[in-house]
Each structure stands twice: as C-alpha cells, then as structure tokens.
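Whole structure, please, built from the sequences with the hints as guidance.
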Amino acid sequence: MLYDQERASFLALDPNTPVVRYLEGSIDDSRIAQPEQFQLLLASASPTELESVENHHDTIQSLIQIADDERIWTVTQETHLTGRRLVACLNQHRPHIVHFTGHGMWDEAQQLGFLALENDDGSAAWIDSTALSTLLRSRNVQLVVLMACEGGQSGTSRWAGLAQALVQYGIPAVIAMSAPLSTQGAELFTENFYRALAAGDSLDQATAAGRQALLLQPGAEWAVPALFSRISDAQLWHAADAEPAHPSHTQAIPTQVTSPPRRDAADPQPEQPGQLAPPRPVPLPVVDGFVGRVAELEFYEQQLREGQIAVIAGMSGVGKTALGAALAQRVCVPAKIFWHTFQPDSGLDVVIWKLAAFLAWRAQPELWRMLQGISANDGKLPPLEILIDYVVQMVSGRGFLLCFDNFEYVEHAPVMDALVESLGRQVRAGHLSLIVVSGSRPDFVREADFAPLSGLSLDDARLLIEHLELNLPPTLLEQLHELVEGNVELLIMAGDVLRHANGTDAALDRLVRADNIQQYLLDELDNTLSDGERDVESATAVLGHPSTRDAIETTLDRTELDQTIKGLCDRFLLRHHEHESLRVYDQHSILRIFYYEHPSRQRRLEMHRRAGEHYLRIEPDAYRAAWHFTRAGDVEQAAMLLANDTAQFINAGAASAVVGLLLELDGHELSPLLAARCHVARAKLQTFLGEVEAAQVAYETALERLATVIDVAAARSVTVQAYLGLGELQRYAEPRSAIAWLLRARDAAAQEPDDLRAEVEIQLGMAQINTGEFDDALTALETGLALLSPKAKSLRATALLNIGNVHGYRGDLEASTAYARQALAIAQEMYDYNRMVAILQNLGVDQAYAGDWDAAMTSTQQARELALQIGDVRRRATIELTLGNVNMWRGNDIVARMHLDECLALTEHHAMRKQSIWAHTSLADLFLRQGSATEAAPHLDAALDVAQAIDANSELPEIQRHQAELLLLEGDFAAANAAATASLAGARDLGMTLEEGMTLRVLGTAQTRMGANADAAASFAASVALLDERSPYDAARTRLAWARMLLATGATAEAETQLVRAHAWLHKLGAQREMNELLHLLT
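Note that the sequence shown ends on residue 1082 in numbering that gives the first Met the number 0; no numbers are left out.
Hint data in this document are derived by calculation from the structure and do not stem from the laboratory. Please note that a few of the clues may not be correct.
Claimed, not checked - For lysine-lysine, the following BS3-like pairs were computed, each having C-alpha atoms within a straight-line distance of at most 27 Å: (1) K353 x K335; (2) K353 x K379; (3) K379 x K913; (4) K913 x K335.
Small disclaimer: the values here were computed from a predicted structure and weren't measured.
In structure tokens form, the structure reads like this:
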C-alpha cells in the first residue's frame, strides 16, 4: 500500500485519494443510471470438501439489517449456491451488485480464475472466470464483491486473477480480498462500504470507508480489500438526469434524435412464482434523419408549457413521430417519458399493461403486481374503465410526459371517452403532460384550435438531403421539395431513388412528369432492390406488426437474412426498435401498403400460413397466430385459438384486438358449436372492455347457435358460460333477471367441473345479496366455496368476502370480520389491491358498528391510502361513506358532510347506483340528526327512487326507518309509526338484525309520541337486546331514547340506570352529540 509521509497515513485510507487497481484497455461503458433502489444478491457456497464458510452468515444478516434501515436496498439471499440457482437468481432478481462469500482460486497454468459453487450433493462445482463474467455481464451486473480466499491475488499478466478477469470481460468493477478477512472484519467492511455507496459516494470513496472501519482490527486487515476497475472516474453509475425543465428559447435545437440514455430504476421483480417481471420501458424511437423543425419545436413546446398538451397531427410521411420524439427529448428527461406506439388493431387495454410496467420501473409496482397477481391465480381483472381510473391516478402528479403515437388507431376504441375525460382532468390541473401524435385531428381537439403539421421547409429539406449524403443543385432541390411538398418519407424515398439513378437530372425530370409521385417513387425504389430485399419488404408487410428477424425468416422460409435486413435499415426502408429485449423490424405505412400487395395472392396466403405457424410454435402469441391464420383462409384454426382462453388475451392487453378479429370471423362459416364458443369469448372480452350491450347480444347469439347443436353434452359447458355471463352482466342493473339466468346456469352445470359449478353458485349468491335474499345467498355462496379447488384463489376470496357481507347485513359482525380477514389474506397473497381495498373498507364498517371506532378509522384510512395508491377512484366512494358515517356518529358534522358529499359526487360521476343509495341515506341521516327535515327529504326520495329502480330490497328498511324519523320531526306520529312498522317487517323478513334493532328504537320513539308507553318500553327493550352485543353505539342511542320516555313518565331511577349504561359507551366512543344530550337529560 502507498504511504503518504507528509500526512503520515496510507493513501488507501483517504476517501479523497483514489487508490484503485485501474486496468487499462478499451471496454464498452456498460454502466446504468443510478437506480432508485439497489438490488443486491448475497450469495454463499460452502462445498463439503472445503473449509466451512458458515461464519459469514452473520455478515449477511448484518446487511439485511442495513437494508431495513436505509430503505433503499433490496437484498436477496442465496446460500449453498449452485450454478443453476445462480442463473435463476440473475434472471429473476437482476441484481446490480453480486456479493459472494466462499472460496476461489487462480490456476497459473490455465491463467484462469475459478469460484467454488456447489453441486446438488454439496460437493464443489468450480466455475471459471470466463463463464462467470459472461453470465454477470449479460445481466447488467455493475459490481461484484468477492469474499473468497484467493479472489484478490494477482497473476503474472495484467488480467491475472479472478477479479481482473471479471473486469477484463466487462464487469465495471470488482472488489476482492487479497487475504481472508475475520468474521468481524468482513462485517465491518461490508456494512460501511454499502452505507457509503448508498449515500452516493464513488467506488473508491466507499472502499476507503470500508477500509477505515477495519483500522482497529488486529493486523492489517484494512489493506485486504482491493478495488479493480476500468472506470476512470470511479463512479459506479452514470450521473442521474436533471429534473424536467422547460429549456429557454436560446437552447440549442437537436438536429438528430438518437436513443436517449436510460435512467434505470432497480429492476422490479415478480413477487410470486408464475409472475413475470415487468419489461423495460420503451425508449424514445430512434429516428434517423431528423433535422431542423426549429419553429415547429418551439410552437409545440409552447403548447406544452401553456396547456400541458401538444397534438401533432398530419398526413402520412410528414415526420410526425420524429418530431414528437424530438419534442419529448427536448422538454423532459428520459426517465419521465412514457412512449407508446399504437398498431392498426390496437386497443386501449394494451396501454394499461405498458403503463403498469413503466410505473413498476419508476418505483410504483402496485398496479403491475396486481395485474400479475390476479392473472397468475386465474382471477378476473377489474373492467377496463376501472383500470383506466387506476393508471391515470397513478401517473398523475409525478412529472410524467405520456406520448401516444398513431393515436388515430384507437380514437374510437371502447371507453376512449373515459380515458380522454380522466386524462383531461389531470392535464388541466397541471398534473400530467401529453404528446399526441395522430394521422388526423382527434375528436377532443376543436377544429378552430387545430393546425396540421405540414412538410419540411425548403431549408430543412436541404438539411435532410445533406444528411442523406446527396448533392443536389439548388434548383433541383427546390423542384423536388415543391413536388413532394416537403413530405419527409417521400424525400427519403426520392433521395434513395436519385442515389441509385444513372443520371440525377434525368431521374428528377421523370419524377416531375409523373402523374402520381408517390407511386412513381415506390416503383422506382422497387426497381433498385434485389429479389431478396424485395422479399424481406414483402414479408415485413405481411407480418403487419413489428416483428423479429426469426419471424421474417420463417415467413419467407429462408435463413441468414441479417445482412439483407441491415442493408434495408441503412437505406431507411426498414425501421428497427427494441421491444422487450428483442430487436423488431417494421416499415413506414407507405411502404407496408405497397409491399403487401407485391406478392401474388397465393404466395401471400402461404406467407400468412407460415407466419401463423411461427406464432403458434416459435414465438407463442395466440392472437398473432390467429390473425395470420385468418388471412391465410384457415378460419377454423383461428377460431379455435381465439375461443380457447379469453383470460390470456385480457392479461396480454389484447382484448380489443381479439374482439376485432372475432367480429371478422362472424362473416365466415363455422360449425354452430365453434361459432357459439367464439360469441361467448367475444362477450367475455366485451364485458371487460365495458361494451355491455354488445356483450349481451353476443351471449344471446351464442345461445341461439347452441340451440342448433345436436351434441348436447358437447354444448353444455358453453351454454353454462353464456348463462353465467348474462347473469354477471345484469347482477346490478337487473338483479332478478340475473338470478333467473344464473338458476338456468346452475341447472345446466350439474355435470360440469366443480370450479365452473362453484363460479355459478358464487355469482348467484352475489346476485341474491342484491335482492336481499340472504338465506338463499348464503346457501349458494357456501355451496360454491365447498366446490372450489385449491387453485381457485380469486373465486375463494370472492366467496369468503360475500359470505362475510351476508353476516354483516344480518348483524353478525364477528362472523363478518372473520370471513373478511380470510379473504384479505388471499388478496394479499395475490397482490389483488383492488380486492384488498374492498375488504379493508368492509372491515372498517364492521369495526365501526362493533364500537371500535379507532380501529374502524385505521382500517378505512388504510383502504383510502391503498385506493389512492392504485388510483381506485370508484372504491373511494364507499371509503368516503364510512369516514363520513364515523365522523357523523362522533358529532364532527362538518367533516362528515365533506366526506358524504364527496361520496355522493363519486357515485354520481361513475354511475354507481347502489352506492348512491348509501350516500343519500347517510346524508339524510346527518340532516335528521341536525333536525333539518327539509334538507333530509330530497335525499330520502332520491334513495328510494334508485332502490326501487334496481330492485335493491335490502336497502328499503333503512330508507323507511329514516322516513319514520323524518315524519317524527314533522310531527306526523301515526305516519311515523306506520313507516317504522313497515321497516321492521322488511328487516325481519331479510334477517337484518342490526337494522331491526335500530328500527325498534324509532318505532319506540313513535309509540312514545303517540302515548303508547308500554309498547314503546317493549320496543326499546327489544332494541337493546338486539344491539347490545352487535352495535354498542346504537344500543346507547336506544337507551337515551328509552331514558327520555322514562323521565317523561316520572320513572327517574329507571331512566338514570339507562343513562349510566349509555354513558359508559358514549364516553368511550367520544360520541359528542349523544353525550351532550345525555348530560342535558341528567341535569
């Protein structure tokens, strides 16, 4: 170690003096931007024939503690590391840092380093430095720390030693031990090293911090850690990008858009087996040949600055995508940009999955986890409109710039109005910025505010021609620019044609005389291609989507096309992109349309058939396979693929595309059974997409086709699914009609698999809850629960939650809570945040009625925070309801009114009719407690209207109870008695014990006002008997009403007994309104 005599210390201990074994030689800079969380793999191996390294487990435990303290480390442990587990860990967790504790050695003869992993039997499995570095570099590992016996010893060459070898093969940095460290020394070094690294110190500074911690260790352990690197600045990460800022008008305009540097967050990983890690966000398009556009960039930048949205629309070929990418790069850092290019058959559902992955890479993994958790457990995703609410809320307020290219393909997609409205609110509030690139003016842009993008100016066209390395005289350039009107794609094509022409003047003269300039250029361009290049263009057009080289080669039944493809890319006749770690190719639409028609019809059919086989077997994608089989004329094969499993299409964001293809198949002759299966599949997808009317028609059409199927047994399963789907569609709007369909499903499902029978029973029970048929609902739900297989976790959670709901309606809060907690455990296991919000909210209601208002507020606030986290706007309505009710009970009327008004607004905005009943009844309750009959009456009328319209019988007893209270305020005691009697009968018929107890209190009050004190006393006593164990607060309210009657009749001692018992709970709960009344009665 170098010693500084002037400072009397070793340089290796000074964080300001880098001491690194810097290894010369060129190497690609594979560093990434600093992640928001560090992924650390702690691995160890202790082969049986080598010295035990068990004592290093204390170091591992210490590091995990660091992870908990710092909140920025994600630590994965792997003991007894085998080669197979190493690969699995690298693939699954994508660590930035690999920390290995074990044994290593250097083979002088082979000049190779080796690390000792384990075989399955515990013996040593030596992996050499070449293989190890290949594994690590391909996974973007940035740093390796070797706690290995000889890991830091140098060999005779500059690359000798395991550490040097890893750096040689591309690992940015390696820390290795030149001698074994003691257990305490290892712990001290690792803890201080990682703390310094997390604080932003450079590698050499962090290493010095670790060495300093070893100063008090015996011997010279501080000299053992050695840092090897070829990073000249010792920074493990690229510098983080600055925060987004609008540049000044004097900022230099980029003349060419290149692939921007990525700011990588820690690789988000699946939480359960079977879940997929989110793909990396799509970078901005790599647009070769972008030049100029200074005025346009300034114009659209001003639009973004003033209104948070820029709409770039115009005819094909004018350079909209390139301009959009340049604008995005100009105004926002790459880490904040989401870019999505729609395809001709795209829907909005694909954006949900893409944005979920984007957010997961931006430390917001909740939506991705939910989508994956539900999908991995065969669950059912919330409808698309709800998912849109989720994702818009999650991207709002975080400085993101969302960019949608080819927007014209989805402008009239299902629920587009919901997306535009939701995004519009966030844009207007300044919480989000949008760039929309479209081939036409979007409907949401007023014509008066719209200016289409035109072609390049003459000056910009000159820059493009120079970029294409063409030398045209000014007069010829002016002619060319005028002919193509500055169209970028036509200029590029013209440049290519002129480059390959024998004479530029003659070629341009022919161009001037052409009747159709675009067709002329395409024909001339085609003449410059070889047969092989022409075939690749045709295959790419036939594929129709961005496709891999393998897909192109399969479609042509050829191999080794890489040079042909590269040449076409160099001429801008193919474009390439990175898609989920694969390079894919496509064309401009002008070229795609031309080359699709180029092969003969027969050859084109054969190409589609081969493409279909490719996506069926090589790159499995059922939708693409079906799309190609349809165009190859094999509609039966396509139909079988599309009708097989709708969940796979929903979970891939392809529901809209599949619906479009199924509609195409309607015009083809299929067997009645297969046609019915297609209609049912389409209906399921349309239900998810929010096309309820279309879904109902599709289900009914399926039943018509099934009626003609001779093989009844073969048709039975499809029939059950059609009945089930119709029941699910009508469960809220027409619950009695839903029950009728589901009863038919039950009859038809008698011989079907248990899980299908279970789903029918569970859906039936949920519909019966809506009509207040609680006995039948409980029977159906418990039957369904008993039939479920262990794998049907999502349905199990649904059954448990709804069984709890039945018990809650009946006032058995203990049972309700127990079932809710079982459902919550399953939802947490599945990362089903949507269901977790509902369960937590239900728990809050149970706890509120049970008299634990603090716990109720905690559960409800947890539900509210989770709803805000995932953007669940609709569920917030019932959360606001609970918060409003608890605050009303506590006497916090202003806060209660705020929550209840918000609840009502949400239910009306999202057409949540049943929930609107609850909002109206609670607002009426609040006004009644305040003594305002005039304000309560409209809410009760509105609640009754909706309840009768949707046949919500279970809501009628509460509405009638409040009507009785209203009549009491107005002094119509006989009418109040009649209303309370009707409410009581309804509650008893439905088995609603809590409601029965509360209505008996109102009935007793009416009887008191009518002078029937004996009847009133009986009603109050019955009320207390029902409520004491179920709802202490409502029991206390009954005791107050009872005491009021007793005092009026002179029974002071009995009244005081009731008041004392009421006081115990009211004081504990903090019910201020009732406490004030109680104190008034006592005095």
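Are there hints from earlier that the structure breaks, and if so, what are their numbers? Violated hint (a single one): 4; every other hint is consistent with the structure.
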